[in-house]
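For the record, the sequence lines run as chains C and Z. Residues in the first sequence are numbered consecutively from 6, following the working numbering. Residues in the second sequence are numbered consecutively from 83, following the working numbering.
Misleading hints may appear alongside valid ones.
Examples of chain Z residues lying across from chain C (beta carbon under 7 Å, computed) [stated by the list, open to error]:
| id | residue |
| --- | --- |
| 1 | G124 |
| 2 | L125 |
| 3 | Y130 |
Because the hints were derived from the structure by calculation, they are not lab data. Note that beta-carbon positions come from the ideal geometry of N, C-alpha and C, so glycine has one too.
Residue strings, one per chain:
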Amino acid sequence: QQQVKQSPQSLIVQKGGIPIINCAYENTAFDYFPWYQQFPGKGPALLIAIRPDVSEKKEGRFTISFNKSAKQFSLHIMDSQPGDSATYFCAASPDSGAGSYQLTFGKGTKLSVIP
Amino acid sequence: NAGVTQTPKFQVLKTGQSMTLQCAQDMNHNSMYWYRQDPGMGLRLIYYSASEGTTDKGEVPNGYNVSRLNKREFSLRLESAAPSQTSVYFCATSPGRGQPQHFGDGTRLSIL
Numbered sequence: 006q007q008q009v010k011q012s013p014q015s016l017i018v019q020k021g022g023i024p025i026i027n028c029a030y031e032n033t034a035f036d037y038f039p040w041y042q043q044f045p046g047k048g049p050a051l052l053i054a055i056r057p058d059v060s061e062k063k064e065g066r067f068t069i070s071f072n073k074s075a076k077q078f079s080l081h082i083m084d085s086q087p088g089d090s091a092t093y094f095c096a097a098s099p100d101s102g103a104g105s106y107q108l109t110f111g112k113g114t115k116l117s118v119i120p
Numbered sequence: 083n084a085g086v087t088q089t090p091k092f093q094v095l096k097t098g099q100s101m102t103l104q105c106a107q108d109m110n111h112n113s114m115y116w117y118r119q120d121p122g123m124g125l126r127l128i129y130y131s132a133s134e135g136t137t138d139k140g141e142v143p144n145g146y147n148v149s150r151l152n153k154r155e156f157s158l159r160l161e162s163a164a165p166s167q168t169s170v171y172f173c174a175t176s177p178g179r180g181q182p183q184h185f186g187d188g189t190r191l192s193i194l
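Build out the structure end to end from the sequences listed, making use of the hints.
This is the structure in structure tokens:
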């Protein structure tokens with residue numbers, strides 16, 4: 006079964022800290038890697054996504070780092086704020102061919118940012 | 083600014099009852115998806131519809147059926163609900179393959 010392994014399960018940081026969430030995958034056909042943010046009682050919302058032609062992508066305070074040879078990617082949140090407290094999911098899929106409609110999700114990281 | 087609308091938001095069923103979860107989108111997206119979310123399990127794909135008129139199984143299709151009624155609507159049916167189907171169900175849409183998926187706010191379903 007195609008898997009995306011996400012760590013840690015939970016993370017507590019002080020306001021202003023830089024939480025880092027890591028994901029690893031096995032399927033070399035994966036070439037689309039989105040991150041989703043989910044608040045309690047709401048659906049996941051797309052935060053940022055990367056494709057393997059770049060090693061880093063930044064949008065505001067959120068940065069994805071991508072290591073194709075290691076089959077790993079990570080999310081960094083700069084200057085974290087209490088409003089960033091949420092559950093974060095990484096995901097992956099091929100962007101063409103078999104399985105390209107199927108996002109495989111990690112199991113999530115619950116982030117708490119303490120004032 | 084509706085996006086993806088799911089109904090109902092909450093439902094309690096008894097074992098063996100049937101239920102249809104509704105999803106409608108106003109984003110003019112071709113592809114629609116049904117996921118379930120369970121604690122510690124992330125989101126798992128139940129069924130998807132790549133385009134109007136087509137449906138395919140995802141990772142956990144057993145016990146469910148789907149209908150792509152038209153481009154806007156995609157329903158999920160539980161014919162004979164079981165306690166193992168207690169979950170939060172999310173509908174999502176995307177323009178097509180390998181494109182960002184946009185989620186509704188979910189249906190919280192409890193089966194007693």
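Open item on the list: Which constraints among the numbered hints does this structure fail? Numbers only, ascending.
Closed with: As far as the earlier hints go, not one is violated by this structure.
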